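A.B. asks: Letter by letter, the chains look like this.
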Amino acid sequence: MDTDFHDITLSVNGKQYRRRVESRVLLSDFIRHDLVLAGTHVGCEHGVCGACTVLLDGEPVRSCLMLAVQARNHEISTIEGLTNKDGEYHPLQQAMHDHHGLQCGYCTPGILMTMTAFLDENPSPGEDEVREALSGNLCRCTGYQNIVDAVLAAAERMRSG
Amino acid sequence: MSTRTFGEPVKRNEDRRLLTGQALFIDDIELPGMLHVAFLRSQIAHAKIISIDVSRALQRPGVAAAYVAGDLGDYWQPGPILVPPPPIAGIVFHERTQVPLAKDKVRHVGEPLVIVIAESRYIAEDALDPEPIGPKRLKSLATSNEMYLVSGGRHPGAEITTDSTGCHDCNAHLVLFRLVTDGIDQAFDFGRDNTPIAKPIARKSYDYIGRIDALAVEAHAGCWPGAVAAAAHQKIAGRLRIIDQIFALVGRAIRKRQYGEPLRSWHRTGARVTRIDVFHPLGRRQRIAGCRNCNKQAFERFCCRSWGNLR
Numbered sequence: 001m002d003t004d005f006h007d008i009t010l011s012v013n014g015k016q017y018r019r020r021v022e023s024r025v026l027l028s029d030f031i032r033h034d035l036v037l038a039g040t041h042v043g044c045e046h047g048v049c050g051a052c053t054v055l056l057d058g059e060p061v062r063s064c065l066m067l068a069v070q071a072r073n074h075e076i077s078t079i080e081g082l083t084n085k086d087g088e089y090h091p092l093q094q095a096m097h098d099h100h101g102l103q104c105g106y107c108t109p110g111i112l113m114t115m116t117a118f119l120d121e122n123p124s125p126g127e128d129e130v131r132e133a134l135s136g137n138l139c140r141c142t143g144y145q146n147i148v149d150a151v152l153a154a155a156e157r158m159r160s161g
Numbered sequence: 001m002s003t004r005t006f007g008e009p010v011k012r013n014e015d016r017r018l019l020t021g022q023a024l025f026i027d028d029i030e031l032p033g034m035l036h037v038a039f040l041r042s043q044i045a046h047a048k049i050i051s052i053d054v055s056r057a058l059q060r061p062g063v064a065a066a067y068v069a070g071d072l073g074d075y076w077q078p079g080p081i082l083v084p085p086p087p088i089a090g091i092v093f094h095e096r097t098q099v100p101l102a103k104d105k106v107r108h109v110g111e112p113l114v115i116v117i118a119e120s121r122y123i124a125e126d127a128l129d130p131e132p133i134g135p136k137r138l139k140s141l142a143t144s145n146e147m148y149l150v151s152g153g154r155h156p157g158a159e160i161t162t163d164s165t166g167c168h169d170c171n172a173h174l175v176l177f178r179l180v181t182d183g184i185d186q187a188f189d190f191g192r193d194n195t196p197i198a199k200p201i202a203r204k205s206y207d208y209i210g211r212i213d214a215l216a217v218e219a220h221a222g223c224w225p226g227a228v229a230a231a232a233h234q235k236i237a238g239r240l241r242i243i244d245q246i247f248a249l250v251g252r253a254i255r256k257r258q259y260g261e262p263l264r265s266w267h268r269t270g271a272r273v274t275r276i277d278v279f280h281p282l283g284r285r286q287r288i289a290g291c292r293n294c295n296k297q298a299f300e301r302f303c304c305r306s307w308g309n310l311r
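Line by line, the protein sequences are chains G and S.
Oh and the first sequence: position 73 is 73 in our numbering, straight run, nothing missing.
Oh and the second sequence: position 71 is 71 in our numbering, straight run, nothing missing.
Everything labelled a hint here was simulated from the structure, so no lab data went into it.
As the structure is a computational prediction, the values presented were derived from the model and not from experiment.
Cβ coordinates follow ideal geometry from the N, Cα and C atoms, glycine included.
Treat the hints loosely; a few may be bogus.
To be verified - Each pair of labels, with its calculated beta carbon distance range:
hint, chain 1, residue 1, chain 2, residue 2, range
1, S, PRO84, G, GLU129, 44 to 50 Å
2, G, LEU65, S, ARG56, 51 to 57 Å
3, S, GLN77, G, PRO123, 55 to 61 Å
4, S, ARG12, G, SER135, 37 to 43 Å
5, G, GLN145, S, GLY7, 19 to 25 Å
6, S, GLY70, G, GLY143, 41 to 47 Å
7, S, GLN77, G, SER135, 49 to 55 Å
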């Protein structure tokens, strides 16, 4: 197969990267293998499971449904950038830990990225709204209840500052 | 007694790695010269395999090897029954467990036909070219009841074959056992006005599918290093790395009994075992490494042997 390459520049978690990538490389593979940020997980590669969710200019996207070249000149946020500079948890990470919102942890990065964007947009969600927002992220371990509890607790904590 | 373990929820030590993207899953491991595997899977539920020609795949740059069922030799064995049938008197049990690669016949959509090993997953998947395969499509059946009707001769015109047990084998039934079924009509009585009335009958037909997934998730992996084609069939002992989560999955007693010997055999070859630090509840848990007939195990042992590692 003929291959063609592109030089791209993009920002990931506030850091600028310049890489030469094959045009067909998925954004998820680019993040994991080229940038060695393996916290973004690949589950179904069909845009169904949500494990690969990252933020593209603040909006949650499935990185397995995007090509790396499409992220050129955009700003990406991944799970590795969720803690603050001192390594302290984001309130949502803390709430997930406190409420046992994860077991195997494979879906967790995608859920955290989806929910951080959701809470930015809706700081006072109801339970139904949280469940609706979670509907694009599959978790086979937890049964979701603890994740919902964690998101609601994180929302409350973020509102109280 | 401390409330560390009683009286309050126990916070997990591994959470920080999982919450910050630092946990080590199998797919997170990158080794120099690592090869990648892709499987060509059937898109047909039921078919006879006439031939599979992998020569085109082998001609692709970056492809190290491509194998079909016949290449596996003695390593090709049906997998074990992981969940035995329940003790029902008079039960007729037909064992239908998975095989490493489909041989002669495809029995369900997604059944693996070809294994391709290449320098990258992209190249491996590029080489999954279905063109050389010439399947003869057979009728696929959806339910055991339909299968019974066919195998019982009540389905004229269907081109169905039966195997030596007289049982039709197709679809994604990993383990299938059946008593008898008389069809849906026999589940009803009929009232005076011929109105069907559900009849409280004992269930006579069983589709028993062991809770065994076709694709083990995050179970274990073997990494073959080296300069791919040049390393083929050469001794590269000591450079093989088996990455496994079985230490995290099982208790000490089970570990020792079921997994100890395979691990020791790997170690004897100079293979290194890397423990990943994630307890993953998905996928197959039983006999991951302990059973030589397990599909993945068959692949690993065959590929290792072919590449001059495990003797």
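A.B. asks: Tell me the numbers of any earlier hints that the structure contravenes, in ascending order.
C.D. replies: The structure breaks hints 2, 4 and 7; every other hint is satisfied.
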